[in-house]
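Heads up: the protein sequence lines correspond to chains A and B, in order. Mapping of the first sequence onto this note's numbering: residues 1 to 302, in sequence order. Mapping of the second sequence onto this note's numbering: residues 1 to 302, in sequence order.
Source of the hints: derived by calculation from the structure; they are not laboratory data. Possibly wrong hints are sitting among the right ones.
Since the list gives no way to pick out one identical chain from another, each pair is judged satisfied if it fits inside one copy or across any two copies.
Derived lysine-lysine pairs resembling DSS-like cross-links, with alpha carbons at most 27 Å apart [claimed, not checked]: (1) K136 <-> K153; (2) K177 <-> K219; (3) K219 <-> K153; (4) K189 <-> K142.
There are 2 protein chains.
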Amino acid sequence: MSDHISQITPAFAGGTMDRADQVRVNPDRLRDAMMRPNARLLRLDGLNPVFDDHGNLAWGAAYEASPDNDLLLLGMDGDTPCFAELNGAGNAGPAADPRLWQALGGLPPEQAAVYATARSLVDWHARHRFCAQCGKPTESRKGGWARLCDPEKDGCGAEHFPRTDPVAIMLSECEGKVLLGRQPRFPVKRFSALAGFIEPGESIEGGVRRELWEEAGIKVRDVRYVASQPWPFPSSLMIACTSITDDPTLTLDEEEIEEAGWFSLAEVQSAMAGDPDAPFIAPPPFAIAHDLLRHWIDLQTG
Amino acid sequence: MSDHISQITPAFAGGTMDRADQVRVNPDRLRDAMMRPNARLLRLDGLNPVFDDHGNLAWGAAYEASPDNDLLLLGMDGDTPCFAELNGAGNAGPAADPRLWQALGGLPPEQAAVYATARSLVDWHARHRFCAQCGKPTESRKGGWARLCDPEKDGCGAEHFPRTDPVAIMLSECEGKVLLGRQPRFPVKRFSALAGFIEPGESIEGGVRRELWEEAGIKVRDVRYVASQPWPFPSSLMIACTSITDDPTLTLDEEEIEEAGWFSLAEVQSAMAGDPDAPFIAPPPFAIAHDLLRHWIDLQTG
């Protein structure tokens, strides 16, 4: 089982680019990277990706960036510095455009990871232009990996780093069936794993237990980690787990969960196969809930 | 192995209090909880805990809170509402006071978790009094679990939630030895697992691989999750993993790692036993690196 688990690479998790942190933190090396003739710029339409004719991420040259925008160092692809423009686009909500999902679904894993990184960072800068500590304007530093409330410009000196918000997403199993639910905003018939932000003062396992108690009214045990996935809408780290429930009685938090139930192996298999007669529509392949259900099927079947 | 893993409960990870999110989000229920005669207030000295004569966390009555301070709903202990005061204390750095560590080490797990939650949240409010999006002052909402940039007071309407920053902390094994290192700020002879923040666009496993490449110059495979721990200095979620290295040649990032090396099972055992002749001093029991080394010893010794 362990060997199987370590081979799960959810969408957005397949990053291979060298993030080159030693370049970020060195202003001379960073400037040199920006000035190199081969330096590339990821094309973005606001927060959305731009694709070339082959369905790959489209790139331009770093010198094409607007002089008004700071650059984000995504990393080094071999000896090619790769940047994105901090273009001011921000959106705290989920990405709703079905065409975006379709296009992302066709990207090679390493390109999806580059896009995820760029999207989270561009968005973070747009929505964090002021110092949370003192309210003054902040400026991008370290190739876009920090913002400084500059003490030489009357700032308080606080350094701010991009957020990554850990989210527990989990199955629970009871009597051979698995718990799935639907949020009010889901497409028709879509059911997925329940999920929620891990809070300060809580472990991953504690977050799983609390969320399933709050949202479904069940007490769970034997929480196990399965896989993780960066989710750039806007900046989550999805942490997928399984758990066991002894009493299947559900008490739903109807603000969060509109409907939930226990599904059998055959029902999950038919939904994952896309059977139109399945009792629900499975989460899409780029969501870690999909990997989690695939993992659960594998555990049951062998 | 899996059954063993799920039984690791690091310090601060043993929370049992009901966080009562349905009370937080309901202003009437929240006010009712604050007014109850049995409502308790966690005593804090700035960000530090206050202990009673038995070495437990000290509590007062909620009505003793300063009217100038907002209250944080820690949760319900049975039918007792438990609060902490948002007293304005903040500290972005690590906690350095050895007496604090000693006292925390003696706390029952559920009390350590209550303190961890209170400390992270009190600190977060103190250092996030302004809206990162527009720079205006924000106000505590939802029993201290959010801050609002109030549109009725000329704010932009942004809602801000407490940060939880995921950190990968990891061992790597090569030829039966394990990699440990020391940061320049560590006490003399202390060695521990390497660690670093997981970045946007990265999975947990990707963060482990990147950190070990950046800090130690090694390429690792077979990353496995072991356990997690909230770490309230100020707001990390420590995610402990193991990995395998084929080539043990180290290239250190000397800004981050002053010294590192591969240690044998016998050397790790002697350090964990507190042997004065051990080649290094092991991380203390409240650090998840301690649990990680204990886990590694258990794996080696069967």
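key: Violated hints, by number in ascending order, as checked against the structure   = 3, 4
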